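Chains as they are written, first to last, in full-length UniProt numbering: chain A, 1 to 453; chain B, 1 to 453.
Everything labelled a hint here was simulated from the structure, so no lab data went into it. Don't take every hint at face value.
Identical chains blur together in the list; that is why a pair holds if it fits in one copy or across any two.
[Said to hold, decoys possible] Each computed SDA-like pair below joins lysine to any residue, with the alpha-carbon atoms no more than 20 Å apart:
1. K220 <-> P241
2. K357 <-> T250
3. K287 <-> V170
4. K287 <-> P167
5. K318 <-> V346
6. K305 <-> S158
7. K347 <-> C262
8. K301 <-> D166
9. K287 <-> Q139
10. K305 <-> I162
11. K338 <-> P348
12. K347 <-> Y293
13. K357 <-> G315
14. K220 <-> D429
15. K280 <-> G159
16. K398 <-> Y310
17. K280 <-> P167
18. K287 <-> H156
Values in this document were obtained by computation on a predicted structure and should not be read as measured data.
This is what each chain is made of:
There are 2 protein chains.
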Amino acid sequence: MAPLASAPALAAASRAGNGSSSSAARFRVPPPLRGGAWLGSAPRQGGGARGGPGTCTAQRPGEPSGVINAEKSEFNEDQATCCQISIRRREIGMKEEQDWMILCANQYLAGYYWALFDGHGGPDAAIIASNYLHYCIKQKLEEVVEGITEAQPPMHLSGCCICPSDPQFVEEKQIQQEDVVIGALENAFQECDEMIGQEMEATNQSGGCTALAALYLQGKLYVANAGDSRAILVRKQSVVPLSSEFTPETERQRIQQLAFLCPKLLADEFTRFEFPRRLKGDDVGQKVLYRDYSMAGWGYKTVEKADLKYPLIHGHGKQTRLLGTLAVSRGLGDHQLKVIDTDIEVKPFLSYIPQVKVFDFASHNIKEDDVLVLATDGLWDILSNEEVAQTVRSFIDKNRTDPYRFSELARCLVHTARGKKNGHQWILDGNSPASYDDISVFVIPLYNRDEDC
Amino acid sequence: MAPLASAPALAAASRAGNGSSSSAARFRVPPPLRGGAWLGSAPRQGGGARGGPGTCTAQRPGEPSGVINAEKSEFNEDQATCCQISIRRREIGMKEEQDWMILCANQYLAGYYWALFDGHGGPDAAIIASNYLHYCIKQKLEEVVEGITEAQPPMHLSGCCICPSDPQFVEEKQIQQEDVVIGALENAFQECDEMIGQEMEATNQSGGCTALAALYLQGKLYVANAGDSRAILVRKQSVVPLSSEFTPETERQRIQQLAFLCPKLLADEFTRFEFPRRLKGDDVGQKVLYRDYSMAGWGYKTVEKADLKYPLIHGHGKQTRLLGTLAVSRGLGDHQLKVIDTDIEVKPFLSYIPQVKVFDFASHNIKEDDVLVLATDGLWDILSNEEVAQTVRSFIDKNRTDPYRFSELARCLVHTARGKKNGHQWILDGNSPASYDDISVFVIPLYNRDEDC
């Protein structure tokens with residue numbers, strides 16, 4: 001396959017306090033991907049956690065990702081993957097072992113894949129996800145390949161038509177190729193979550209991670225997000241958000257409704273209601289501001305003793321926690337996670353379901369300077385979309401001839417959010433404190449993307 | 001209070017086939033609203049169902065609504081209400097019976113209210129809702145009046161400050177006056193739904209209705225919607241949608257997830273999965289297109305015998321039904337509704353929760369020709385937002401001096417969607433069939449709205 005016109009670039013920084021004693025040795029290497037499917041032969045495509053401190057390299061699909069380690073901790077809970085995904089069309093009746101014999105180029109659909117995983121409770125789940133998710137996506141796409149190569153997905157994957165009106169039913173539901181890709185991404189997240197659960201149980205590991213995955217396939221960019229990472233498309237005149245964040249704050253009503261439907265999940269230890277602050281004895285009998293699952297607005301309720309329990313969702317902004325434990329409401333892993341000193345499971349309130357947004361290149365005139373930025377919350381806590389866009393535009397403008405401008409730009413964004421060391425603190429230019437979270441950034445040029453496939 | 005500068009206008013048409021044998025006599029008159037709260041003394045503020053055929057009047061708050069009956073049926077399942085809502089500030093310790101003594105004007109907050117209710121299974125629920133919802137809203141607003149008259153809602157309704165940082169907690173959560181109004185509207189819908197349930201049980205009535213309510217209060221327009229009616233703001237250069245529709249199609253994932261969490265609700269009679277068409281024996285063993293609650297996209301699943309059950313959500317477009325029964329997924333009433341010939345209740349899948357959208361007049365320069373259009377699905381099935389907007393603009397432009405132009409415009413919109421009688425059929429100008437649903441339209445001029453309060 002042709003080399004990439006412009007290599008995407010990844011930079012990452014890890015922060016003290018987020019490190020873990022986990023090491024690569026604790027991770028069971030996944031089965032190698034079968035022949036021909038991947039550029040490069042490393043079982044781990046990328047993986048940003050254990051690169052040497054201070055290194056940063058431009059990336060090509062299949063090459064290990066480059067990493068900036070901020071030298072604040074030995075390990076980084078953020079992980080990254082970048083690779084090309086080739087989707088095979090299986091011939092009916094052909095055995096699995098014979099797959100390598102399919103060599104004809106037009107039997108392949110090639111896509112690009114970039115993903116970021118922000119681990120919590122250690123990097124283990126993020127490491128597994130960074131090794132498995134693209135494998136799950138590849139598998140799920142291959143399972144439905146007839147649905148994404150036909151102009152209209154057939155009602156029956158086999159192509160047979162049991163009811164003569166089947167094509168009409170599919171058309172009436174407005175089911176398109178891209179819906180089948182979205183479905184495959186959704187199912188791949190579910191499968192990856194299950195694999196992480198099995199893997200973690202078998203190896204007695206724990207923890208979870210967010211997942212943000214971008215897939216370029218057939219002229220469209222699919223961005224699947226479960227967690228609080230973010231993807232934006234920076235263009236000359238505009239910034240296009242390509243993901244939404246899923247946190248206990250943004251998903252309050254879903255989480256409260258689950259507690260309403262299944263109150264046993266709170267084991268009488270938590271209250272479902274949200275209040276502006278934790279209530280105390282003096283509040284009993286008073287009418288205070290509250291929200292329940294059915295409310296986008298706020299009401300007043302008379303405080304009862306039961307309202308003094310710890311709230312299911314508590315805190316504000318970045319400090320908001322689910323069951324006093326997690327800062328995200330979607331992601332992979334956390335199968336064994338319990339609220340400290342209780343038997344209350346956090347997993348039922350978490351969702352592995354990604355939200356998938358689609359950006360169709362056919363209806364947008366992508367220019368040379370248009371780039372996709374994927375980053376973990378460590379960047380977005382410090383820089384707004386508009387600030388990132390301004391940095392991107394001015395950096396590209398000043399470094400137009402530098403072949404490594406995109407990786408340098410990723411490094412620049414990470415360095416900006418990381419700040420500078422001032423004694424034992426890290427501060428930003430205006431002396432405000434920098435983020436103490438891990439920071440990972442992908443900068444991906446989108447121009448002439450099809451020429452690479 | 002000053003008379004309205006421009007009277008809002010309502011027009012409605014009822015269609016054959018949707019009528020019911022219910023009559024006004026079956027409806028228990030609600031307790032009269034207490035003194036001073038309303039302009040006009042009729043216990044039913046508006047109520048579009050039983051006006052004489054062919055009549056159409058301009059409306060002022062408190063006057064009975066005008067109605068066009070399309071002469072296709074005796075009764076109209078659509079109902080309408082239009083009135084002014086005055087919110088009293090209760091003095092602490094003052095008994096309810098002494099409320100009428102509060103006469104000082106600045107102790108009132110005045111708002112305007114317009115609402116449409118589209119009944120199903122008879123007009124009974126719509127009639128009760130059209131009589132009660134504004135009463136519930138008034139009551140809920142009065143309960144939290146200190147939260148909507150202060151610059152910032154206090155943590156404690158009493159205004160006392162138990163924790164010195166309480167104002168800061170409220171500020172951190174970014175709780176504003178309008179959030180308390182939204183909460184009051186949400187709670188009012190809930191209370192109205194409960195009242196309908198009690199009323200219907202006591203009088204052995206049945207049925208439900210959608211509810212679309214617009215409230216103008218303190219310089220903001222609040223549009224609360226539960227069902228498939230729609231509100232748009234027509235401006236010179238733009239159309240601003242002020243509501244979203246809630247149908248089994250738009251709420252598929254919420255409804256499927258409930259069935260996943262509480263499978264007993266389907267009593268083994270329905271399948272949770274959505275397919276492009278009802279499956280049959282020949283499909284078993286095949287891989288067919290499907291969607292589950294976790295999917296916005298489509299996947300392929302191998303059909304099992306259990307998948308041949310009737311789908312929880314089935315059909316497409318306007319024909320989509322919940323449990324084979326209802327075409328809407330939010331609304332009031334339907335407490336006794338069961339799937340025909342079974343004990344399966346529909347109510348658990350319905351939601352009384354409205355979505356509330358806020359339009360702040362302070363940040364938009366409202367012009368003389370800007371109007372709010374509220375209409376039931378009978379209009380929107382035939383005319384798009386843009387078609388309605390074009391009719392509105394050209395009608396107002398041609399009838400600038402007519403003091404009844406807004407009611408004439410409402411009548412014009414209803415007549416356009418109703419079509420013309422051609423033998424036993426009703427057809428549109430292009431000979432395509434007209435809607436056979438009830439059609440109700442409010443046209444509400446928004447300019448100088450504050451001068452009326």
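Verification of the hints:
1. K220 <-> P241: within (15 Å within a copy, 29 Å between copies)
2. K357 <-> T250: both (17 Å within a copy, 17 Å between copies)
3. K287 <-> V170: between (53 Å within a copy, 14 Å between copies)
4. K287 <-> P167: Close across copies (15 Å), not inside one copy (58 Å); limit 20 Å.
5. K318 <-> V346: within (18 Å within a copy, 39 Å between copies)
6. K305 <-> S158: Between. Shortest inter-copy distance 19 Å satisfies the 20 Å Cα cut-off; intra-copy 60 Å does not.
7. K347 <-> C262: both (14 Å within a copy, 18 Å between copies)
8. K301 <-> D166: Classified as between; 16 Å across copies, 53 Å inside a copy.
9. K287 <-> Q139: Classified as between: cross-chain Cα gap 16 Å, same-chain 55 Å, threshold 20 Å.
10. K305 <-> I162: For K305 and I162, the Cα distance is within 20 Å only across copies (16 Å; inside one copy 61 Å).
11. K338 <-> P348: within (11 Å within a copy, 30 Å between copies)
12. K347 <-> Y293: Cα proximity of K347 and Y293: in one copy and across copies (19 Å, 18 Å).
13. K357 <-> G315: neither (29 Å within a copy, 26 Å between copies)
14. K220 <-> D429: This pair counts as neither: shortest intra-copy Cα distance 38 Å, inter-copy 41 Å.
15. K280 <-> G159: Between copies, since 17 Å is at most 20 Å while 64 Å is not.
16. K398 <-> Y310: neither (52 Å within a copy, 62 Å between copies)
17. K280 <-> P167: between (62 Å within a copy, 16 Å between copies)
18. K287 <-> H156: Intra 58 Å, inter 6 Å, cutoff 20 Å: inter-copy only.
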